[in-house]
Amino acid sequence: GGFVVPEAKSSVSYRTRDEVLVGTDFGEGSLTDSGYPRLAKSWLRGTPMGEAVLVFEGEQADISADQSLYYDRGFWHEFQHRALDFYHTTKWYRRGDPTRSAADGGETFQRIPVPGDAGVGTFK
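Quick note: the sequence shown uses my numbering, first residue 166, plus one each step.
Do not rely on the hints blindly, as some may be mistaken.
Calculated cross-link-like contacts (lysine to aspartate or glutamate; reagent style EDC-like; alpha-carbon spacing at most 16 angstroms) [to be verified]:
(1) 256 - 216
(2) 256 - 222
(3) 174 - 193
(4) 174 - 216
(5) 174 - 198
(6) 256 - 269
Taking CB as the label site, the calculated pair distances span [stated by the list, open to error]:
(7) 280 - 226: 17 to 27 angstroms
(8) 237 - 213: 25 to 35 angstroms
(9) 275 - 224: 14 to 24 angstroms
(10) 276 - 213: 12 to 22 angstroms
(11) 198 - 239: 32 to 42 angstroms
(12) 212 - 283: 29 to 39 angstroms
(13) 237 - 283: 11 to 21 angstroms
(14) 193 - 218: 31 to 41 angstroms
If you are wondering where the hints come from, they were derived from the structure by calculation, not from laboratory data.
Note that this is a predicted model, so its numbers are computed, not measured.
For glycine and all other residues, C-beta sits at the position ideal for the given N, C-alpha and C.
Please construct the entire structure, taking both the sequences and the accompanying hints into account.
Below, the structure written as structure tokens:
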């Protein structure tokens, strides 16, 4: 009952014990012009990767796109990233909720109003 991703330029992040957020070569249109993942999908344990549900999507011209969830200082944080080039990234945030699948929606992501070359974090 694990997660096995075929070899490719991929991004895999555990969201919960039974859900990963995966970006990989899902077929035509799933990679950027640079060959990195353009789609982030929610994949549940025990299901075929082909049944993973789209939760975030970048543009074809982006370098890559991904989504991740993590816990820090008593709160869950969920981010989406679009790498526009190697120096600029557009970022979105929502308070994470690991009791719901990423595919179930939940709170709306809000764009983080920072310059594209700025980093973001959740620590003080």
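Comparing the hints with the structure gives:
Of the supplied pair hints, the one linking residue 256 and residue 216 is violated, its CA atoms being roughly 26 angstroms apart against a limit of 16 angstroms. Restraint check for residue 256 and residue 222: satisfied, since their Cα atoms lie roughly 12 angstroms apart, inside the 16 angstroms limit. Between residue 174 and residue 193, the direct Cα distance comes to roughly 14 angstroms. Compliance with the 16 angstroms bound is thereby established for this hinted pair. As the CA atoms of residue 174 and residue 216 are separated by approximately 20 angstroms, the hinted pair breaks the 16 angstroms bound.
A hinted pair counts as satisfied when its Cα atoms are at most 16 angstroms apart, and residue 174 with residue 198 qualifies at roughly 12 angstroms. Between the alpha carbons of residue 256 and residue 269 the distance comes to roughly 20 angstroms, so the proposed pair goes past 16 angstroms and is violated. At about 20 angstroms, the beta-carbon gap between residue 280 and residue 226 stays in the expected band of 17 to 27 angstroms. Between residue 237 and residue 213 the beta carbon distance is about 32 angstroms. The supplied range of 25 to 35 angstroms therefore holds.
At about 19 angstroms, the CB distance of residue 275 to residue 224 agrees with the hint of 14 to 24 angstroms. Look at residue 276 against residue 213: about 33 angstroms separates their beta carbons, and that is not inside 12 to 22 angstroms. For the pair residue 198 and residue 239, the supplied restraint of 32 to 42 angstroms holds, since their beta-carbon distance comes to about 40 angstroms. Taking 29 to 39 angstroms as the suggested C-beta distance range, the pair residue 212 and residue 283 conforms, at roughly 37 angstroms.
One distance hint, 11 to 21 angstroms for the beta-carbon pair residue 237 and residue 283, holds here, with the actual separation near 18 angstroms. Between residue 193 and residue 218 the Cβ separation comes to about 18 angstroms, which falls outside the hinted range of 31 to 41 angstroms.
This entry does not satisfy hints 1, 4, 6, 10, 14, going by the numbered hints stated previously.
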